[in-house]
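Residue numbers (the working numbering), protein chains in the order written: chain A, 1 to 114; chain B, 1 to 971; chain C, 1 to 541.
Warning: the hint list may mix true and false statements.
To be verified - Derived DEER-like restraints, expressed as beta-carbon distance ranges:
id, chain 1, residue 1, chain 2, residue 2, range
1, B, Trp-34, C, Trp-444, 47 to 53 Å
2, B, Pro-577, C, Ile-46, 40 to 46 Å
3, C, Ile-46, B, Gly-704, 47 to 53 Å
4, C, Glu-207, B, Ala-206, 52 to 58 Å
5, C, Leu-493, B, Thr-568, 36 to 42 Å
6, B, Pro-106, C, Arg-30, 53 to 59 Å
7, B, Ile-703, C, Gly-282, 32 to 38 Å
8, C, Leu-43, B, Leu-829, 46 to 52 Å
Rather than coming from a laboratory, the hints here were simulated on the basis of the structure. Heads up, the beta-carbon is just placed ideally off N, CA and C, and yes, glycines get one too.
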Amino acid sequence: MELIVALGIGVLVASGVWLILRPRTYQVIIGLSLLSYAVNLLIFGMGRLRVNAAPVLEAGAAVDASQYTDPLPQALVLTAIVISFATTALFLVVLLASRGLTGTDHVDGREPGT
Amino acid sequence: MSDSMLLILLVALPFVGSLIAALLPTNARNAEAWLAGLIALAGLLITASFFPAVAEGGVLRFRAEWLPTFGLDFSLRLDGFAWLFSALVTGIGVLVVLYARYYMSPQDPVPRFFSFLLAFMGSMLGIVLSGNLIQLVFFWELTSLFSFLLIGYWHHRADARDGARMALTITATGGLALLAGVLVLGHIVGSYELDQVLASADLIRAHPLYLPILVLILLGAFTKSAQFPFHFWLPHAMAAPTPVSAYLHSATMVKAGVFLLARLWPVLAGSDAWFWLVGGAGLSTLLIGSYVAIFQHDLKGLLAYSTISHLGLITLLLGLNSPLAAVAAIFHILNHATFKASLFMAAGIIDHESGTRDIRRLSGLYRLMPITATLAMVAAAAMAGVPLLNGFLSKEMFFTEALTATAPLQSLEAILPYAATLYGMFSVAYSLRFIHGAFFGPPPVGLPRTPHEPPHWMRFPVELLVLACLVVGILPAITVGPFLDAAALGVLGAAKPAYNLAVWHGFNLPLLMSVIALIGGVLLYLILQNYLLSGVEGTPFVRRLAGKRLFERSLVVLSWRIARPLETLLGTRRLQPQLRLVVVVALLAGLAAVGGWQLAAGPPQFSGLDPALTLVWAVGIACAIGAAYQAKYHRLAALILMGGAGLVTCITFIWFSAPDLALTQLLVEIVTTVLILLGLRWLPKRIPEDEPMVQPVTLARRIGDFAIAMFAGGGVALLAYAVMTRPLPDTISRYFTERAYSEGGGTNVVNVILVDFRGFDTLGEITVLGVVALTVYALLRRFRPAPESIAIPEQQRVQNAYDDARPDRRLGDTVAEYLLVPAVLMRLLFPMMLVMALYLFLRGHNLPGGGFVAGLTMAVTFIVQYMANGTRWVESRLRLHPVRWIGLGLVFALLTGIGAWLLAHPFLTSHTRYLELPWLGSIPLASALFFDLGVFSLVVGATALILIALAHQSLRSVLVARPVSPPSKED
Amino acid sequence: MSGWLHHLIIVPVLLPLTVGAGMLLLEEPRRRLKASLSLFSTLVLISVAIALLQLAQGNGAEIGVYLLGDWPAPFGIVLVLDRLSALMLLLSSVLALASLLFSLARWHRAGPHFHPLFQFLLVGINGAFLTGDLFNLFVFFEVMLAASYGLVLHGSGTARVKAGLHYIAVNLAASLLFLIGVALIYGVTGTLNMADLANRLPAVATEDRALLQAGAAILGIAFLVKAGMWPLCFWLPTTYAAASAPAAAMFSIMSKVGIYVILRLWLLLFGADAGSVAGFGGSWLFYGGLLTVGFGTIGALASQDMSRLAGYNVLVSSGTLLAVLGVTDMAITAGALFYLLSSTLAISAFFLLIELAERGRRAGADILAVTLEAFGETEEEPLHEEEEAGIAIPATMAILGLSFVFCALLLAGLPPLSGFIGKFILLAAVLDSSGTATVSLDAWLLLAAVILSGLAAVIAMTRAGIRTFWAPLGRSVPRVRLIEITPIGLLLLLCVLLTVQAGPVMYYLQGTAEALHAPQRYIEGVLSAPRAGQTAQGGGA
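The following block holds chain A by itself, in its conformation from the complex (with noise of 0.2 Å):
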C-alpha cells in the first residue's frame, strides 16, 4: 500500500511541479493545487497507514491508543486544507486582476517577446 501511496504523491508532485515552472498563470493554479493536494497525502502518511483502524473513540471505554490512527497528522493535513485553500482562492483572484490590467495571463504580465 504505502508503494502505491509513494507512487501517487511522486505523480502529483511531478505533475505539479511540471504545471508551476508553465508560463500560464492558469497551469500555475492548477499546478499548485495538484501540489497540496501530494503535500497533504504526504503529511498524512507520516502518522503512518492503517486500514480499517476506528476513527473515533467510543466514549467511556478504556482507550488504547495503539488501536486508533495517529490523530495528529490528520488533524495538520485539515489545518494545511484550509490554509491552501485560501491561498488558492487568492492566487486565482490575483491571475483574473492580472489578466485583467495586462491584458494576457502569462505569469509575467507580458507575452514573451513583446
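Fit chains B and C to the known structure of chain A by using the hints.
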C-alpha cells in the same frame, strides 16, 4: 576646569556650534561668522593652554567607556604632535572664518556653510585627538563626509557636484580600507588604543600580517593626502568656495593623511616595504604635482597641484625611514599650511574682486591691488623656497635628507638629490607664474569686474599668515622651535634626533641645490612663457593622465558595463526561472542532506498491494497527468481532471480511516471548483492552433522542466515511502488519543485536537482565511476585466435576442427560464442544506464534522442559490454581510479563548459539560464548541465573501459602464 | 512572573488580532476610528514589548513559557519568551508604529481594510517570534504572508498586481516546502515542539538521520526564500519596490523573520551540543550569504531608482547576516544581532523616505542616474563666470536631504551612526574568531564582502542622492506632512541612540547570544513548564 573636561570641550564645541549655526536664519552672515569665529578662537585658546603640559613630551588622556565588550572606549589623547595639529586646525580656522565672512556673497545661504565648516573642524580635531584607532577612523570618515558637503556647497553647478562626489568616493573608499587595516592591526595587537599600538612596534613589524596592514592603512592615508595615483580628486575639489579650499585643501583635511603616516611612523616605518611604498608614492607625487602645476591656467588649480606636490614632499620625507627626515616632514607640514592658506586666500581675493581666476585673462593687477600683490608675492616666495622665508628652511632640510638618505638601492640614493633639485626648479617656476601671470604685465582688459583692494578685514588673515612666514623664516629657533620640538617628541619620543633650526648653515651642497633650483626655475619659466601664453589646455607629455575622465569612466563601467549585465545574468525578473530555482535548490539541498546516508527504505513489498486501491490510484495518476497535459488549452478538462485527482485523495483518506479529512477535502474540492469555474470566464480563449512552431529553445526548456519535475516527484515519493515503511516513533499523539475524551470531552480525536489541543493553530488558520477573503474583496473591487471578456456569453445573447424578437417577453426571461428547474430545486434544498450544516456542526466534537465543514456547507448553500437564481434574486431576498461574519467569527473564537483567563487558566483552556438533547443525544457543551462556532461563522463569511465577490463580476457585462460596485453595500 | 502578568506573553498576538477582528465589525467609512484603534494597539504593543524585554532580562536565564490550552509541553502549543524573541517583538512593534504613522497621511485610504490587514500582519510576525512549535510557526508564517499579500496589493495597480503575482507564487512554493520539511521531521521524530525536537534529535537512529536531515534542509530552503538568499531572492527587490511605502517598511522586518527562525532553530537543533548533526549546513549559510551580499551589491550599483536600491540593500543586509550566522561563534552572533537592529531600522526609514523624496520629482526626470552618467552630465561648464551664489534648499528638502544622508551613512556603514558600529562589531568579532596569530580565509572573505558592499552603497547612494537633492532638475518641492516625516525621524533617532548606547545594548545582545548558544536552558525551561491546573495561580516560568 580639569584638563579632561577641556579636552572634551575642545572636540565637542565645534559640533555644538554647528548645530546652532544650522538653526540661524539664512541671511545672518555676521551672527554666523561671530559664532564660528568665537568657537574656533575658544578652541585655539584651550589648545594654547595645554602647551606647558605637552612641551616636555607629556601626554594628556581622557577615557570613557563606550563599547567595553569590544575593547572600544571613547578616548582622547593629546601629545605634542596632536597639539601642533589642533593649534593648526583651530588657528587657521579662526582666520578662515574671518575671511569667509567677507568672501561669501549675501545671497549665499550661510547657515549651511558655517554649520558644515564647524562640523568639519570638530571632526578634524577628533582625528588628531583620537586616543584609539577605531575612533580615529570614525572621525576620519566624518571629515570625508563634511568635505563632500562643503565642496558641493554650490550644488547647482555641475563641477561642484562632480568634484564633491569624486572627493567623497575616493576618500571614503580609502577610509574603508583604513578601517579594515586598523581592525587587523588592533586584532594582532589585541587593543585599538593608540598607546598599546605604539608600544608594540616590534610585534607589528615582525608579524606576517604586517604587509597587508601596511597596504590597507596606506590606502587610507594616500587617498586622503591626494598622493599619486589618487591625487586627481584634489584639483576638482577646487569647485568649493575658496575659504573651504584654504582650510580643507591646504591646512587641514589633506594633512590628515600625512598626520596618520607620522602618527604610526614609529610602528610601521623602518621596513623596506615602507620605504618603497611611502617613499615611492611621495617621490612620484612630488614631481608630477610640481610639474603639472606649472601648466595650470586656473589660479586655484595651480595651487591645488602645488599642494599635491608639497604633500608628496612630506610623504617622501616620512618614507625615508630617518628620524631627522620625520622632523623635517613635521616642520614642512606647518610651513606649508601657513603659506598655502595665505595663497589660497589671495587667489580668492583676486577671484572675488576681478571675477575670474584664469591666469590667461589676468595681468597687471599690481597697479590695482598693490598690498594684496605684495602679500601674495611673499607667500609665493615662501612656496618657492626663497631664503629668509619659512619654506626655505624645510626645503633645505629636505635637500639635506635627499643627500644623506640611505635607500635599499644604491642607484636610488644617487638619483634622489637630482629629483629634489628638479622639484625645486618646478616649484620656483609655478610660483613665478602665479605672481607674474596675475600681477604683472599690461593692465587687465575685459574682466567681469574692475579689480580693487578688498575690504581690510578680508585681507587681514593673509597679512597675519604672511607675517608668520617671515618671522619663522628669519628667527625659526625662537619662534617655532619649541612647538616643533614638542611635536617631534610626540612622534619620535626618545628617538628624537638633534637638529638645528638655523637660517644659515654656511655654504654647503643643499644651498647650492637651492641656488640651482632658483636660477633653473626662473629660466624654465622664461622658456615656457610663450607656450603658456598660447593658452593651450592641459599639460605636455601627461595629457593622457586625466584622472577625472578615468574616474568617471570607471564608475560608468562599474555600474553600466559590469553591474547591469551581471544583474541580468545572476538575477531575473521572470517568474518561471525563479520557481525553477526554488525547486532545483530544494532538490539539491535534500540530496546533499541525504548524501552519505542511505535512505534505507525497506524493499517495496508488493504483497500489500490492494487491487482496489491500486485501481483507484491508477485513475488518480491518470487524472494528475491528464491535468498537467490539458491545463494549457482545455482549462475545463484540466479542472475536471484535477477534481478527479482530488477525489482520489479523498478516497485514500477514507481508505486509511480518516473520514474527517475526506469530508473536508471533498467540500474544499467543491468550493475550489466553483471558484475556478467562476474565474474561467475572465481568462483569454486559447486555441491549440494558434501555437507557433516549437522553437528548439522552448523544447530544450520543456525537456529540462520535465526532468526537474521527474526528479522532484521521484524524490518526494522516495522520502514518503522511506518514512511510511518505518515503524512509527513514539509520537506525542498518544497523549491526545488517551485524553481526547477524558480531558477534551470529545470522541473525535482529530476534532478535539483542532479545537482544543491545538486550537491555537486553528485560530491562526481561520485568521488566514479571513485575511485572504479581505484581500480578495479589496482586489476585486478594483477589478478591470479584459475588454474582450466583458461581452455577454454567446448563449445568453441568443436567448436575449429571442426575447427581443417576441413583444410579449421581457429581456432576460429566457435566461431565467432555462434555469427554472434547478432554481426551484435549489430553493427547496436551501433549508435542508442549512439543517445539514447545523447537524455537521453539532456532531463535530464526537463524529466527523465540525465548524469548518459546517461552515463550508453553509457557504455552498448560499453560492448554490446565487448560481441557480442569479445574484439579483438572492440579494433582493437575503442580504449577507460576509465581512461581519468574519469579524464575529474571530471575536467569538477569541472571547472563548480569553474566557479561560477569568479562571486563571491560560488562553484557550477548555471546559466541558454535557447536554442531553432529543434526537441528537448528548451534546458536549465544551467551551471548545463555542470556539468551533467562531470557526463556523468565519468560514461562512470568508467563503461567501470570496464566492460572492467573484460571482458579482458577471454583473460587469451588464453594468460595465458604471464604476465597479462592491459586492455588498454595507462594506 | 505569575498571575495576570503571565498572560502578557500572549498579548502581542492577541491584541492585534482582537483589534483587527473588531475593526471588521465597523463600517468601512469609519477610518478615523479604525486609525485610532490601530494606533492604540501599536502603542500598547510597544509598551508590552518593553515590559517583556524587562522580564526576559530580569529573570536572566529563566525563559517565559505560555502553555496554550494549559496542555503541557511538548503536547500542546507553547509560546516561548526569551531575550531574542523579546528583542524582535520590540523591533517589530517600533517599525509598526513608524509605518502606521506614515500611512495615516494618505496610504490607509488607498484601499479597503488597510488597518485590519496591518494588524493581522503584526499577529503573524509576533506569533512567529513567540511560538515554540514548528507547525504553529507555519501557521503564523501563513498569517503573516496572507496579510503581506494583502498589503503588497494594497492600492492595486498593474505594477503591484504583477509583482504580487510573483511574490505569491514563490511564497506558496516555499510554504509547500515548509510543510514537506515539517512532515518529514514529524515522521522521523514524532514531535513538533522545538525544544522536544532538540531533545530527541541526538537520539535519532542513524538510519533515520538521512530523512531527518533531508527534512531539515527542505525546511531551511523555505526560510531562506523568506530571508532572500541568492538565488532565491529575485522576487524581493521587485516586490518591495512595488509595495506601498508603509508596507515596504514593514516588509523589511519580514525578511528578518526568516533570519530569526534560522538563528533560532539552527542553533537550537544543530548547535554545538547536537551530537553528530552539529553545525549541519553551516558552510551553506556562509557561502550563500556571501553570494547574496555580492548579488545585492551588484544590484545596488545597477539600480536606477531608489526603491530598487533599497530592495537590494535588504539583500545585502540579509546576506551579511546569513554569512556571519554560518560562522557559529557567540561574539559574532551578538554582533550580528546589533547589525540586524541597525540595518532593519535604517532600511525601513529609507523605504519611507523614498516615497517622500520621489513625490516632488518631475515625471520626465525620473532617475536615470546610471544612464545619464553613461551619456555624460548635461554640459561641461567652463571656468564659472556666473555669479557665485548658492541656492537655499527649502526647509522640507533640507530635512529630507538630511534624513537621506543619515540613511546613506547607515546603509554604507559610515560614522557617526549605528551602521558603523554594527560593521565594526561584526568585523572585530569575525577577526577574533580566528586566532590572533593570523586571519583565516573566511574572515578575509567576510571582511572584503562587508567593506566592498559598504563601498558600493556609498557610490550608489551618492549617485541617487545627488540626482534627487542637488541636481537642479526642475522639481517642485514635495508637499510633505509632519506625520510623514516624524516616523522617519523616529527610526533615525533610534539609530543614533544605538550608537550612543552601544555599550548597554551590546550587553543585552551578549546575553542573548549566550542564551542562544546554550540551548539546554531553553529546552529544560519549555519542557518543565508547570500547568496552571496544577499550580494554584496561573503558573509558568
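Evaluated hints:
1. Trp-34(B) x Trp-444(C): 47 to 53 Å: For Trp-444(C) against Trp-34(B), whose Cβ atoms are near 52 Å apart, the range 47 to 53 Å holds.
2. Pro-577(B) x Ile-46(C): 40 to 46 Å: holds, 41 Å
3. Ile-46(C) x Gly-704(B): 47 to 53 Å: Since the Cβ atoms of Ile-46(C) and Gly-704(B) sit about 50 Å apart, the hinted range of 47 to 53 Å holds.
4. Glu-207(C) x Ala-206(B): 52 to 58 Å: holds, 54 Å
5. Leu-493(C) x Thr-568(B): 36 to 42 Å: holds, 39 Å
6. Pro-106(B) x Arg-30(C): 53 to 59 Å: Holds: the Cβ-Cβ distance is about 54 Å, inside 53 to 59 Å.
7. Ile-703(B) x Gly-282(C): 32 to 38 Å: holds, 36 Å
8. Leu-43(C) x Leu-829(B): 46 to 52 Å: The hint (46 to 52 Å, Cβ to Cβ) holds, given that Leu-43(C) and Leu-829(B) are roughly 51 Å apart.
No hint from the list above goes unmet by this structure.
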